[in-house]
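Trainee: Please build the complete structure, drawing on both the sequences and the hints.
Residue numbers (this note's numbering), protein chains in the order written: chain W, 1053 to 1440; chain P, 74 to 425.
Just so you know, the hints here were simulated from the structure itself, not pulled from any lab data.
Part of the chain W face toward chain P, derived, beta carbon under 10 Å: (1) Pro1081; (2) Val1148; (3) Ala1152; (4) Glu1155; (5) Pro1208; (6) Val1211; (7) Thr1220; (8) Thr1221; (9) Cys1222; (10) Tyr1227.
Predicted model, so just to flag it, every value in this text is computed and none were measured.
Glycine included, every Cβ here is placed at the ideal spot set by N, Cα and C.
For reference, the chains in residue letters:
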Amino acid sequence: MADVEPIFSAVSSNAHHLYTLLQCVGFAPKATVLITPDGIRFSVEEGRVVQGLAFLEKALFTTYTFNPPVVPNSTSRDTGDGDDSSDTTDNPCFVVSLSALLETLKIFGVNDPSATGANKAVSVQPSNPSSSNAFTTPALLFDRSCTLQYFQNGSPLSVTLSETGIKTTCELTTYEPDGGEVDIPLQRDAIIMKVIMRSAWLHNAIVELGATNPNVLKISASANREPFFALSGSGGPFSESSIEFSIEEQSQKSEASSQSRKVLTDDGTSRSRAKRTNLAPTVTETFLVSPPSSMGSRIKQDYRFSLIQKASRAMAVANKVSIRGDRQGVLSLQFMIEVDVHGSSGASHGTRPSGGALGPTVTFVDFRFVPLLDGEDAADADSVGDLE
Amino acid sequence: MRFRAQLANAATFSKLTASLSSLGKACWMRLEDGIVRFTIIPDQGTQVWAQLPVDAIFEESSYILESNSGVINLEVPIGALHRALRSAVAATSAQLRLTKKGNVPLLALTIHASSWTTGSNALGITDSGHATPTGSVEGEDAGRAGQATTASRPAVVSGPRERETVITQEIPVKVLHESAIEGLHEPRCRDPDVHIILPSLFQLKNISERFTKLATDSKGSAVASTISPKLELSANMHGSLRLAIATDALRISSVWTDLVNPSLDPGQLSQAEIEQLPSERMRALSDNDEAGWAKVRIDGKDWGRVLSVGRLSPKVVACFIHETALILYVYLPGSWNGEDSCLTYYINSYAA
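Mentor: In structure tokens form, the structure reads like this:
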């Protein structure tokens, strides 16, 4: 039986979801793929200082068959979060060209304006590569089935897209991982900062700071002193700019202490919020800062701005983001992306749940960043030394 | 030597010249009694031999052709002709004629366009001799194509009125002597192995371009920009067409099924002759036999330019000569049965 059935076979009725999730981590040409019983994990890294993980959960597919090559792996893992699946050595792991996979997934995006009934108004031009929001791209791939198959160890990863009259098959050469694929370690027991907020806020902030083309992103967070949470860009050709997420005026007297800062509180949703008892920026849902005593009351950490920008596609499509930092300064951005696998038009509603009976499936895309150390201009992958 | 004709179908003529101009700069335009031929033979790439009945683009009654041999051969800068025709698309009437300025022979395109002005005197122009903004804008556009002269004659009545603009575009051409073209012949090929009607060229073009891009991207080196990737196009006599490309990183193919393999006209060939054709041998092979596929390797960029003829929404019959050449017969809408209005593209297959 096992010799005729492929190791892995999954069918999705909507390749657009796969495209949306994968393009979030499409910042590098190659991805390391790990097939597990719970889903398929795409890991992308660059220079060992930034890593992106997209986990395509089983629930995203209409059928998902995985026949592990040697021993069925019985370890139960938490689904929806690729963090813990790296210890499964029995699961097939290989490297493919992510850019080719993404191009393949959108191969039908530009074909026939008549067939894209869900979204007639949009242009039939190929999607603008600079567009940061997958939901604004032309009606890609709706109602087209997409099959992913991996027959045996060493065989290509085959992607088949079918549509009436045409069938496209792409066989992506699989390369052996070079063994150096180590996840950037996030010390879960030493998290000193955790901020959850709408991803759009972070996206807006990064876009705003990106306008001055800075080299370094400084993150500053404090539990008891203003600014509670601030992002600033420095080291670029222009002056420094800074964005502070402040507390609503009436709940806290937040004087405009700095003329150059931008305050992002003029949002309709934040106003409807009840008065808050603890000191947390208005836009955050969770705001936990517990700096170790060596740091004082404020957490300050620097990251290379261009690396953070690699997550901007994920920021744009995600609903929420969880920003975590550990004692060593490793930054984790976990994006929650809702895709409606049950309704083909779900993705066009944006990031809000479509209100369908079955509801959207929540998936996660993770990014990890190695910090810039004090006084160091270039990020050094190996050093995870202490701070300040 | 005289040639003059009113344009009957400027839109078709404009699209035709646009498609031709993507393949080469100089076009051999041969005016005959009842037929106009356009031929492009680039140094490298696809040749086009087009023949259209006069009434496909000109008004037949106004078509005047006088020449000793009954034929006029011109070398026309096809891009300039296309740009000139663009302003004729919306015109009320347009006339094309062969003329001379000094010693330079010209094709002069005289376009009568009209536009409505609103209000009694929106521009505040009292002197009817002034050029209007409409006229000068079109004149600028025309200036890129060749020399253009513009004259406008606003009527002197008040109130909303029609304004006529006359634009003359002059395209310098070369008159070719019969000796210059006697060496040019349409390529001769053996009978095709597979003939098939292509799917929507729009769709085919998009997929082809994406494949070309995939192959270019995955190489990711400097050589990729200079060497255009080769697409593998194949078809069988069971209604299937396959477009494929392979690189180190991937191998991708799209297969169309349920296409039509047109039958040959029994009026032209006897039953015995038809049975001798290679395409009938290919038809006899089963549809899952790889030997039943005829394959050509074509240049991705050149193929994209050929497919730009899709803007004329034609029917296209592709004839595959295995590992040798691909010939496309492009029939303009409305001429499917007449077959006298046909563009023939000759595309060489590259060696593997």
